[in-house]
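Please model the complete structure; the sequences and the hints are all you need to start from.
Line order of the protein sequences matches chains A and B.
With my numbering as the guide, the letters of the first sequence map in order to residues 1 to 440.
With my numbering as the guide, the letters of the second sequence map in order to residues 1 to 101.
These are calculated hints, taken from the structure and not from any lab test.
You may find that some hints are simply not true.
[Claimed, not checked] Pairs of lysine-lysine residues, derived as DSSO-like cross-links and limited to a Cα-Cα distance of at most 27 Å, are as follows:
1. Lys369(A) with Lys9(B)
2. Lys9(B) with Lys326(A)
3. Lys326(A) with Lys408(A)
4. Lys408(A) with Lys420(A)
5. Lys9(B) with Lys46(B)
6. Lys421(A) with Lys408(A)
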Amino acid sequence: MRTDLPLTIDRLAGAVRAGELTMSRAWDAQQAQFAQTNALTHAATYINDVQSLPAAASLENMPLAGVGLAHKDIFMGAGRLPGLGRDHGQLDSTVVQAPVLDQLAQAGAFNLGALAMAEDACSATGQTEHLPTPVNPLGAHLAVGGSSSGSAVAVASGMVYASLGTDTAGSVRIPAMTCGVLGLKTTHGLIDRQAMAPLCPSLDSIGVLARSADDIASVMRVLAGQLNWAPSTPRVAYWLDESILDPAIASVIVGVMHRYSDQYVDIGSHEASAAVWQEVIMTYEVAQTHRARLASGQACRQVAGLGRTGLAMPEAWWQLALAKRKSSLQAFMGTAFAHADVLLAPQQVDVLPTIDEVYIGHQAFSAAKLLGLHHYCGWVNYLGLPALSVPVGHDERGLPVSIQLIGKPFGEPQLLALGKKIQTEIYEEQGIMPVLRIPR
Amino acid sequence: MSDADNAFKLLRGEINAEQYWHESGQQQVRSAGVLLTEQQQVRACKHLTRMAAAIRQQVPESSLLDSSLDAALDAVLDLYQQAVGGADNQYAFDDYLASLR
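What follows is the structure, given as structure tokens:
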């Protein structure tokens, strides 16, 4: 973000509403910065250069007045079909904008463009076959997680204040982790998914990435104003299996968990079970969603790999996984949230990998490094719960280390309240702020 | 033998993934208009084998002991038949989740 623009959503929108900054100036400054930075990051697949400005008289009712956003290229735009990581999308005047983008526009936000993603949202990295891979602002040699890869890069590099992504098995939380920003996966079904390309309808959730918990909350209040946003001090429990953590990051994670909770809960069996059922559902639904592309040989490598098994898999297994979902959630909540509102849980298990280590086909490719990116993500999608990826410190190389905060259904306000507390306290002590990183 | 019967047999370990493939899986894939190479078929069977083993360990909720395997799998069968013949499970969970709001 340009240094002459406020650093947070609330301050920018406040300046616009107060008349200190016009909508036109806000648009011009942010659009120029978006395009200039994109030349370095390749985070955008489409740049919007025409913006219709809302009437000035209505600004006071716009919580996101003049705020520049851009989103994963998975949503129908106004007059534009998304590219889905396959291409740059297509302009088509008959296409109607997705309701979730409408909500943001009505709140006064600008849509600066569409952002890169793993093809068909089916990969834990930003690796793509047909489009440039976005550059991680923390270091060009570092992997960018996926599938909402462009969203994380655009937020971390200051191209936008916040971005919508989607999360089926970690696709918001993983890129947030690799780029050192925050990523919220929302409760399944909380945010309208109409006019959004599905991957696995039973697991897909829309999420928000931003540099601060406050910025995510500003967007979420628009998208989910019906939740209870009154200030809260959530009760916190934690779960951890230290044996799986790389020693280079273990002390950071253990330290933060002990600092914010003295209430250990063992949810290991729930996590293991939910992870199995999540894989069953994902394998089956990827195949059903992309049946036509599998038949025509057009499916990308990741979809084809899962889809071939998914087509052969018994439908009854999928039904079984769905049938057990409610009781699995009830059992989990009875353990994790018996005396807590938020569960601290591991997300990152190893130091951030390099591109070469997780990009399939490279000589240095490590399956363990790739699996490590999403090891602790999918089970949360099976249970339908909200989860917030938060950087909580850094390793010896100065790269961020993240954990995830897991909430009760519709507990997004509590997650963001705790996320803000952790971010404020730890960042102030350690002097790390995930802002304005520009690729070197 | 129906596809559902074969699916359950695979889950119980009464047939292996290759047998399942020949009796059901291959036809399902073909009817979707997809032909797999031998290598792709081997990978799919490995994936099915791994998933069947993982599912078997998760039902019932606690780890299964050999001595209780039959009873546990009978419980799976009940749930399984309920799932196949029952309401639309995909939306039932969404409705339940929404009720927690």
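Evaluation of the provided hints:
The suggested pairing of Lys369(A) with Lys9(B) is violated, with an alpha-carbon distance near 35 Å, which exceeds 27 Å. For the given pair, Lys9(B) sits about 25 Å from Lys326(A) by alpha-carbon distance, which is consistent with the 27 Å threshold. Distance hint between Lys326(A) and Lys408(A) is fulfilled; the C-alpha atoms sit about 14 Å from each other, no more than 27 Å. Of the pairs offered as hints, the one joining Lys408(A) and Lys420(A) holds, with about 18 Å between alpha carbons and a cut-off of 27 Å not exceeded.
Distance hint between Lys9(B) and Lys46(B) is fulfilled; the C-alpha atoms sit about 16 Å from each other, no more than 27 Å. Between Lys421(A) and Lys408(A), the direct Cα distance comes to roughly 18 Å. Compliance with the 27 Å bound is thereby established for this hinted pair.
In summary, the structure is inconsistent with hint 1 from the numbered list given earlier, while agreeing with all the others.
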